[in-house]
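Trainee: Below, each chain spelled out in residue letters.
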Amino acid sequence: MLAAQILINALVLGCLYACIAIGFSLVWGVLNVINLIHGSFIVLGAYLAWGLYQSLGISPWYAIGIAAPVFFGLGYIIQRLILNRVMAAPVLVTLTLTFGLDLILNNAMIYYFKADYRKLTLTPPMGSVSLFDVVVPIDRLIATASALVLTGVLYLILRRLRVGRAIIAVRLDRDAAKLMGVDVSSIYAIAFGLGAALAGCAGVLMALIFPISPLTSTAYLGKAFVVCVLGGLGSVSGALAGGVLLALIEGIGSALIGPAHATTLSFALLIIFLIVRPQGLLGRKGFE
Amino acid sequence: MTRSNLVLLALVISIGALPVVGGSYALRLGTIACMYGILALSWNVVGGIAGYPSFATAAFFGFGAYAAGVLLGRGASLLVSVSAAGVLSFVLAGLLGAALLRLRGHYFAIASLSLIEVFRELVNNATDLTGGGMGLNIPLTSTAGVMADATFFFYIMWGLLAGTALMVVAVARSKLGFGLACIRQNETAADMIGLNTTIYKSVAFGLSACFVGAAGGVYAAWVHYIDPSDVFDILYSVKPIVMALIGGLGSPLGVLIGAFVYLGLEEVVWRNYIQIHSGVLGVLIVILLLFLPHGLMSLRSRIVGWRPNRV
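Just so you know, the protein sequences line up as chains L and P, in that order. When you line the first sequence up against the numbering used here, it's residues 1 to 288, in that order. When you line the second sequence up against the numbering used here, it's residues 1 to 311, in that order.
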């Protein structure tokens, strides 16, 4: 039964990991920028959910609807005003720039929210379901379902909408897309906005499950790194595969050699994957 | 030897006169200045000359600090501990570099960032050896008084800085430096004409870790207490990059000046805005990258028509 419980936990957690990573993967794939603010966006989303629930009593399920447009706007503005100026610069410059932005956002959060750990506790609590001996908390289950829905929405945007096809076109070949009349810098801003919106929504879901603190942003960012490298850049299915794989490795690793080593294991795996299979499990050039 | 390298060595030597004129505060600042100089000059070997965006500085700084800390705790002398930290860092970085430096661009950056996480978690979990999250107390090496101690550690850090500067100048004058510049410009072409890029890059990575590890060791002995979140702080990786960007990538003199300018800014910000110091650092990074991407050394070319090494 322990094995079944580990498997179920990994599936539930894996979908959440995928949700954390998918915006990061989109930005990396389309803009060729490693977005180090991603972790802080997630934490800010968690604070948004917490604040709305504490002050206005708005349930986190509706908070997603508020977080998405707010974060899209935030991301769009950051890309338009700041990042678009250095898109042609080498990796070092874009990476350091997003690190600088992350320092600003994270410091602002520590300043306003303090570094205390907070928890969004639903009243009344939602309890848990158990099937045979496998127990899953209901809020976690709903969060996972929401993560899957968000992932599906991104897939549909990229697949069905005109702007989604333009994002894919820019990812495949920026110069060709430009020649076909795509406004590349505007597409960059939209893609970055989408990435930020996904991070914000992921943060809302995280608020239900994990404690909230500005200090947790690097842990989320680290998860996003690992999921992207394991699953491979460039596809929604890759992020899902990477998320579930990471959760499985962490779960099995914790059970076998102790939870203290789970992070070491996942990062060691990240380095090995980078060396032997840098395209990841399901990596491909086009974002479907 | 180029003029800029001569100025670099002259600058380093002149810093050695600090204890004659300064008090204990100046000595503390001078020691940190030398440490930052070591980190920035070392990063420049792999990041500026070879063009690999390495974020591994903090990993080797922490590694060196723990290696020296553990040895000092077992009763080894400071000289032995710090040398061991440097040599071990060189070997470890050389071996890791042979594998990691096959990656390019973003992938290398992420792998080098992950090194910090892996090292930190390993140290965190090896409680028997390193004290884990409780940190490591390092015995006092001398008890000759505060000023004598401060002067002693200043000169050790300064000696390391001088060693780093000599290493950088030697690399720039040697075939290695030429090869690294070739790798930066076009690695495939460098490989094609018979340059063993793997060995060149590994040696460069090892050299860039060697003095950083030794500086970590001196830092550990200087502050007497280290813990994983302190010495494996990602800021130790980012600060050298910011310093190099302030000064101008690729030019050792520019990088060293960048380190000192950065320290001056940091000190002012720490003193006046302790609550928002990392936010101010972020603002500084953003402004720098948007408005002065080629660093302070590029200002000179605007004035007298001198061209810095562009990366």
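Quick caveat, the hints were computed from the structure, so don't treat them as lab data. Possibly wrong hints are sitting among the right ones.
Said to hold, decoys possible - Partial list, derived from the structure: chain P residues whose beta carbon lies under 7 Å from chain L:
hint, residue
1, Gly75
2, Leu78
3, Leu95
4, Ala98
5, Ala99
6, Ala111
7, Ser114
8, Val118
9, Glu121
10, Ile274
11, Gly279
12, Leu281
13, Leu292
14, His294
Note that beta-carbon positions come from the ideal geometry of N, C-alpha and C, so glycine has one too.
Trainee: Given P:Leu78 was flagged as interface, is its beta-carbon under 7 Å from a beta-carbon of chain L?
Mentor: Violated: closest Cβ of chain L sits about 30 Å from P:Leu78, beyond 7 Å.
Trainee: Holds or violated: is the Cβ of P:Leu95 closer than 7 Å to a Cβ in chain L?
Mentor: violated, 13 Å
Trainee: With 7 Å as the cut and Cβ atoms as the points, is P:Leu281 at the interface with chain L?
Mentor: This hint holds: P:Leu281 lies near chain L, its Cβ roughly 6 Å from the closest one there, short of 7 Å.
Trainee: Hint validation: P:Glu121 versus chain L, beta carbon distance must be below 7 Å. Holds or violated?
Mentor: Result: holds, 4 Å to nearest chain L Cβ.
Trainee: So, P:His294 near chain L? Judge it on the closest CB pair being under 7 Å.
Mentor: Nearest chain L Cβ about 11 Å off; hint violated.
Trainee: Taking the least C-beta to C-beta distance, is P:Leu292 closer than 7 Å to chain L?
Mentor: Where the cut-off is 7 Å and the nearest Cβ of chain L is about 12 Å from P:Leu292, the hint is violated.
Trainee: Using Cβ atoms only, decide whether P:Ser114 comes closer than 7 Å to chain L, and label the hint accordingly.
Mentor: holds, 5 Å
Trainee: Taking the closest Cβ pair, is P:Ala111 under 7 Å from chain L?
Mentor: Given a least distance of 5 Å, the restraint on P:Ala111 holds.
Trainee: Restraint: P:Ala98 near chain L, CB-CB cut 7 Å. Satisfied or not?
Mentor: Nearest chain L Cβ about 10 Å off; hint violated.
Trainee: Would the stated hint for P:Val118 survive a check requiring a Cβ distance to chain L of less than 7 Å?
Mentor: Hint on P:Val118: holds, closest Cβ of chain L at ~5 Å, below 7 Å.
Trainee: Against chain L, with CB atoms and a cut of 7 Å, does the hint on P:Ile274 hold up?
Mentor: violated, 11 Å
Trainee: At a threshold of 7 Å, is the proposed contact between P:Gly279 and chain L supported by beta-carbon distances?
Mentor: It holds, given that the least Cβ distance between P:Gly279 and chain L is near 3 Å, below 7 Å.
In the structure shown, a violation is registered for the earlier hints numbered 1, 2, 3, 4, 10, 13, 14, in ascending order.
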